[in-house]
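> My request is simple: use the sequences and hints to build the entire structure.
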Amino acid sequence: MTNVKTSPSSSSSTPPPTAAQASIGRSALSKVMRSREVPVASALIVLVVVTTAVNPLFLTPQGVKDLLLNATIVIILAVGQALVIITRNVDLSVGSMLGLTAYLTGTLFADIPGIPIAVVFLAGMLLGGALGALNGLLVTIAKVPALVITLGTLYIYRGVNNAWAGGTQYFAGDRPRGFSNLSTQTVVGFPLITLLAVVVVIGVAIVLAYTRTGRDLYAIGSDPEAARLFGIPVTRRVLGAFIASGILAGLAGVLYASRYNAVGATTGTGLELDVVAAAVVGGVAIFGGSGTVVGAAIGALLLTTITSALTALRVDKFWQQAIVGVLILSAITIDRIVSLYRARQLRMSEARDV
Amino acid sequence: MVTNTATAGIRPVLELHHAVKTFGPVVALADGTIEVRPGEIHALVGENGAGKSTLIKVLAGVHQPDSGDFRLNGEPVAFRSPADSKAAGVSVIYQEPTLFPDLTVAENIFIGRQPRGRGGMISRQAMRAQARELFSTLGVPIDPDRIAEGLSIADQQIIEIAKAISLDARVLIMDEPTAALSGVEVERLFGVARSLRDGGAGILFISHRFDEVFGLSDRITVMRDGAFIATHDTTSVTIDRIVREMVGRDISALFPKAEATIGDTVLEVSGLGRAGVFHDVSFTVRAGEIVGLAGLVGAGRTEVARAIFGIDRYDAGSVTLGGAPLKPHDPQASIAAGIGLVPEDRRKQGLVMELSVTRNATLTLRSSLARFGIIDGGRERRTGADWSSRLQVKTASPDLPVSTLSGGNQQKVVLAKWLATDPTLLIVDEPTRGIDVGTKAEVHRLISDLAVRGIAVLMISSELPEVLGMADRVLVMREGRLTATIDRADATAESVMFAATHTTGSAA
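Protein sequence lines correspond, in order, to chains A and B. Per the working numbering, the very first residue in the first sequence carries number 1; after that it's consecutive. Per the working numbering, the very first residue in the second sequence carries number 355; after that it's consecutive.
Simulated from the structure, these hints should not be mistaken for lab results. Here the structure is a predicted model, which is why all the values come from computation and not from measurement. Take every hint as true, because none was put in to throw you off.
Below, computed lysine to any residue pairings styled on SDA-like, alpha-carbon distance capped at 25 Å: (1) B:Lys681 to A:Arg344; (2) B:Lys702 to A:Ala285; (3) B:Lys702 to A:Glu225; (4) B:Lys702 to A:Val234; (5) B:Lys702 to B:Leu717; (6) A:Lys143 to B:Ser435; (7) A:Lys143 to A:Arg236; (8) A:Lys143 to B:Leu754; (9) A:Lys143 to A:Glu225; (10) B:Lys702 to A:Arg344; (11) B:Lys611 to B:Asp841; (12) A:Lys143 to B:Thr758; (13) A:Lys143 to B:Leu709; (14) A:Lys143 to A:Ala130; (15) A:Lys143 to B:His417; (16) B:Lys702 to A:Pro145; (17) B:Lys702 to A:Ile286; (18) A:Lys143 to B:Arg701; (19) B:Lys702 to A:Arg228.
Among the chain B residues that face chain A by a calculated CB cut under 8 Å, a handful are: (20) Val416; (21) Ser435; (22) Pro455; (23) Ile465; (24) Gly466; (25) Ile476.
Virtual Cβ for every residue (Gly too), placed ideally from N, Cα, C.
Written as structure tokens, this is what we have:
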């Protein structure tokens, strides 16, 4: 409450600068402490520190590179998923979209020797965008919950992938060296494709936080009916979120073909649940209206790191999934407790104001 | 001050003539006709189901009329969406405030048109500053950085108004803006409305409160059964005439209070407190007694009711029902002990809108209607039908979803739901909010009948005539404390308002 009262006066009557700065500092600090990303980021740090203490090999340059490479694909998918979830929808077809575009990438390189890498990226993202547009159109026109629609397209896209690929697989050997290098070469320890993911995260984060279109997505997820009454182009925005998710899944598919050796009919199967889990753990509320892509990205990093960390700590593989499950439940529990606490704080502070 | 004579010759800013709107076989609007002139406050009245909300949704671009002549500044227009009407300077405040709970207050005001700074990016600083400026114009201390979730209805309404002001609306339409407000808030809202009018805006508002309609408006338009009946200059028409036009008949007694024998104490609340919400609340309600709980919105009345019923926890005090202590924070136990609660927001808290009339009416009886855990459909139907007919719920079929009913009839279903449990204490929170004149009288008669049958009734109401007309005893709350207990004989509008607003001692 003090912050609210001091900041307007600081602009009009110029109090001692130190006090104003301290107040701004306090407000920034309290904002940071309240944000949904902080618990996940702290969990990630604790995890890395503990694991490294037990097994120093965990944080070698090669270890770090592996961690980042493993996380990259999920981070990009989680960013797209966050966009969709924020509008109170969900996209379960991302794993299948990734499979199709990864296979397209393999096919293009194998069938058209010398095809420019940029063209392949473009083709993958176009295909992803088209698949996402189909999801979005079905959701907005049929007015059936996205959970059902994208569950359907999950199977449809996978079926198309199966029919197209059959038993065929494409291997890294079919692809140009420059393409594979994206996943092997590093800049100050960061693989190139990870840097690309970081650019995606930052770009989408800026759109979500600082553009009207981005803010509309939060409004829609917060109360779709109110958004419609208010004249927000709900259909167009939701369609846009699905297309964006598709384009990002397409990008992830192309990168998948760069990162992993084989692409075929089953590439990306089951990824969608990891991606939704990453977004939820990262503080994107499953009922829409709140959360950030930075959070979702940290969530993705946390989930993939846990798998590696448990291996480094020699925890039985069978326990790993259970631990991820516990993490999801704790993320939701913490979120609930924090919001109850905040409601109580608001109640108390307003009562005092009366 | 602009009067009718001054606006009489002026071309209406907004005019709709003979608009028709049907939804399948249902004619929601048979003859939607209204003219709003710049610089006037125009009241739209009619019973629930008269087509007022449909008319407003046509003006707002939410619904597109099937036929009719719609003009803005004399030019024909067709709004295809709410965005069109907003762009044309028509701002609408709906009955249920349409805020986004997850967004900040400032963002709620500016969503879709946030001030932009460098590189086309939203400037949060500018947005915050503009929001603060709006609130200081309105004279309300709302923190623009707060998220909208948990704001009182009065504050939500203020934010809607801030939104409309910032849009520089030429026409402001308000659908029952004061339904959830009382006292200070209503006055504040009226002050804002008058200054907007004096600034040349045309204002159209729906209200069921005649004191407001006559105190605020320059002209009044009456609708009945989806059709335009008449437009009057407010100064040259009487309440009786308006009521007659609204209902198509005369209404004799608005508050038919029957004499009931008052028996033993049923509810005893002593020293009840919840930190930051209410403190040291003590009172009793006896069998056959209607106790009115008056006060301004935000005085803590609903919160006391919620604590008694067990929805919220309380930190201090105790509640006994029929001499036995009531288990705190356990609505199931309260229902079992014989308490019914008719909540203030019937759409969200009182009914399951998608379920049928029958299902809603028998919701509280599920276990007694069930055999081996499975609900007996036949008994459910018979019980539901029985209660619907006893309360004269008007519905085409008891199998229709309750959302198809008018507000008054929905309230009857909520009452039926609780009466079916045969309660000893019924708490009714704003029982006639948003209900039309005719049905209001029926709801009052029902409540009065309950008291005659020996049920203890605790009635929260912001409508003074209702409190004064119905209650045997009036409790008044202010800022979380019980400030007065007034007997029926001594209760007047002045004594109740005094207790509700009078600040004692230190504060201002």
